[in-house]
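Now for the letters of each chain:
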Amino acid sequence: MIIRDHMADITDSRNSHIALTGLSRGVSKGTLYKWISWLVPALILVLWQLAARTGLIAPQVLPAPSSVATTAFDLARNGDLFVHLGVSLLRAATGFVIGATIGLALGILVGFSPFALALFDRSIQMVRAIPFLAMLPLVIVWFGVGEIAKIFLVALAVLFPVYINTMLGIRQIDPKLMELAKVIGLDRVAVVRRIILPGAMPSILTGVRYALAHAWLALVIAETLATTKGIGFLAMDAREFLQTNVIVLTIIVYAIIGVVADTSVRLLEARFLSWHANYANRSINVR
Amino acid sequence: MSVDLVVPRQTHSPALAGERPAPSSLAVSVRGLQRRYGSRVVIDALDLEIRAGEFVALLGESGCGKTTLLRALAGLDLPDAGQIRAPERPSVVFQEHRLLPWATLWENVALGHETTVGRAGAARALAEVGLAGREDDWPRNLSGGQAQRVALARGLVRDPALLLLDEPFAALDALTRIKMHGLVKELVARHQPGVLLVTHDVDEALALADRILVMRSGRIAVSFPPKNHTPHALRSILLEELGVQSH
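Which chain is which? The protein sequence lines are B and C, in order.
When we follow the numbering used here, the leftmost residue of the first sequence carries the number 1, and every step to the right adds one.
When we follow the numbering used here, the leftmost residue of the second sequence carries the number 1001, and every step to the right adds one.
Because the hints were derived from the structure by calculation, they are not lab data.
Careful, some of the hints might be misleading.
Unchecked claim - Cβ pair distances, simulated, as ranges: (1) B/182 <-> C/1049: 24 to 32 Å; (2) C/1031 <-> B/174: 51 to 59 Å; (3) B/264 <-> C/1081: 55 to 63 Å; (4) C/1179 <-> B/27: 41 to 49 Å; (5) C/1137 <-> B/123: 21 to 29 Å.
Claimed, not checked - Calculated pairs, DSBU-like style, for lysine-lysine (alpha carbon to alpha carbon, straight line, at most 30 Å): (6) C/1227 <-> B/182; (7) C/1227 <-> C/1179; (8) C/1227 <-> C/1185; (9) B/176 <-> C/1185; (10) C/1179 <-> B/176.
Unchecked claim - Computed footprint of chain B on chain C; a stretch qualifies when at least three of its residues, placed anywhere within it, have a C-beta under 8 Å from a C-beta of chain B: (11) 1053-1063; (12) 1174-1180.
Glycine residues also receive a C-beta, built at the ideal position from the N, C-alpha and C atoms.
All chains should be modelled from the sequences, with the hints used to inform the complete structure.
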């Protein structure tokens, strides 16, 4: 099981060329491993279904996959699922935009100006050392348990990874390229547009990726606070009534949205970093 | 084509745009240049003239101030005293290619001159250095020699009056270096910029230059055209000037 998972990892990653590709009776090993990598989760799903149907696992502990699917279908049909999903996405998006904007602006400012670096960086790094979830009780005291508290928590989670990576990306621009810009006579706007932004882009996108993961974590926690809408509410509500099928569904929805968010950043990377050897063929491998 | 520059505290003055120097005019003229780092004098009362179309090689031991001189001409280093008459924007080819990894080859060649040079002009410059059809390629797909050829194309695409070469072949392997010598010679003959090549390679200077200068303790110690000597004799003279005993 562990070994197979490891194989799946190799064949699925963009390091797939490491996997053996020798031909054996028409099917390459790479293709075979790829099949195996998909077969394992499918098999687990089947076993789970069988175990739940035969009563080996009580439905209160873990409902059958088919039961979760039916629940998803019902909630989708009456629209509840989308209402809650929409509310959750709006929270995440609002918090993300606020946090990312502040992080990007601060990162650019500190990246460019040694004075701003002296002024802000140490303080920001100190605050960054706090795990943002440890702020939760304080956030509740400040903002109560309403929407603002939730959005604040998401924004807080997003701000630091975006700030750090933007700042580092700008500060790590090769000074030799800046010298070239001077020789060629690029004006300030052109220097930012042609050298600094594209040079910092890999770092900024890394920051965005971390930020999305953090935002999602913050949202899950924030939505366990008193709430009447959102995926988190669905889960809390279902807990009250021991509806494990709904709980499992919310977990899966969180997972799907996480994957979608990560994939969208990968697409951005493929679009903006096609010049970079590490990202050159990413567009093909985006899952 | 050039404007007097009186230091201290001033960078290159704007040159009259678009004007090419007449064949007999000077690409660069330096008088009494001085540059100090703290109490150490790196360039001391240095005079230098390079005619348009002339290829000058500047030899010297490490730390003799030859790169500092080139950087002063490029406007990257401010002298402490003296006078420099140079085009406002000489082209510089550095030891490293300094291509933007996120820009295609043609964007690199046309950098800063997208409207005047354009894709077509960049493509012509790339063809000149033997990289026709590679306009949309990325720098990461180039070998060291190819990357340096793109840097050369970028330097020449605007037909500069002065081309500054800062040990541009030092990082290349011996065979590639010889090929690059031929290419540079050909391109300089066609575009006719004044050239200052900073190098520590005596054979490179002999292969390329119309005039060879040896810099020592912040001054031009020796200056002569290689034509008046046989290559072998010249090599011995130069090596001796550089403090190497030849046999």
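Tested hints:
1. Checked against the hint of 24 to 32 Å, the pair residue 182 of chain B and residue 1049 of chain C passes, with Cβ atoms roughly 25 Å apart.
2. For residue 1031 of chain C and residue 174 of chain B, the hinted distance range of 51 to 59 Å is not satisfied, since their beta carbons lie about 35 Å from each other.
3. The beta-carbon spacing between residue 264 of chain B and residue 1081 of chain C, approximately 59 Å, falls within the hinted interval of 55 to 63 Å.
4. For the hinted restraint 41 to 49 Å between residue 1179 of chain C and residue 27 of chain B, the CB-CB distance of approximately 47 Å keeps it satisfied.
5. For the pair residue 1137 of chain C and residue 123 of chain B, the supplied restraint of 21 to 29 Å is violated, since their beta-carbon distance comes to about 45 Å.
6. The straight-line distance between the Cα atoms of residue 1227 of chain C and residue 182 of chain B is roughly 37 Å, outside the 30 Å bound, and the hint therefore fails.
7. Among the hinted pairs, residue 1227 of chain C with residue 1179 of chain C is consistent with the structure: their alpha-carbon atoms are about 22 Å apart, no more than 30 Å.
8. The straight-line distance between the Cα atoms of residue 1227 of chain C and residue 1185 of chain C is roughly 16 Å, inside the 30 Å bound, and the hint therefore holds.
9. Taking the CA atoms of residue 176 of chain B and residue 1185 of chain C, the gap is about 26 Å. The hint holds against a cut of 30 Å.
10. With a CA separation close to 26 Å, the supplied pair residue 1179 of chain C and residue 176 of chain B stays within the 30 Å bound.
11. Note: the stretch 1053-1063 of chain C has 0 residues with beta-carbon separation from chain B under 8 Å; the three-residue rule is not met and the coverage is violated.
12. Given a C-beta distance limit of less than 8 Å, the hint that chain B covers the stretch 1174-1180 of chain C is violated, as 0 residues qualify and 3 are needed.
Comparing the model with each numbered hint stated earlier shows that hints 2, 5, 6, 11 and 12 do not hold.
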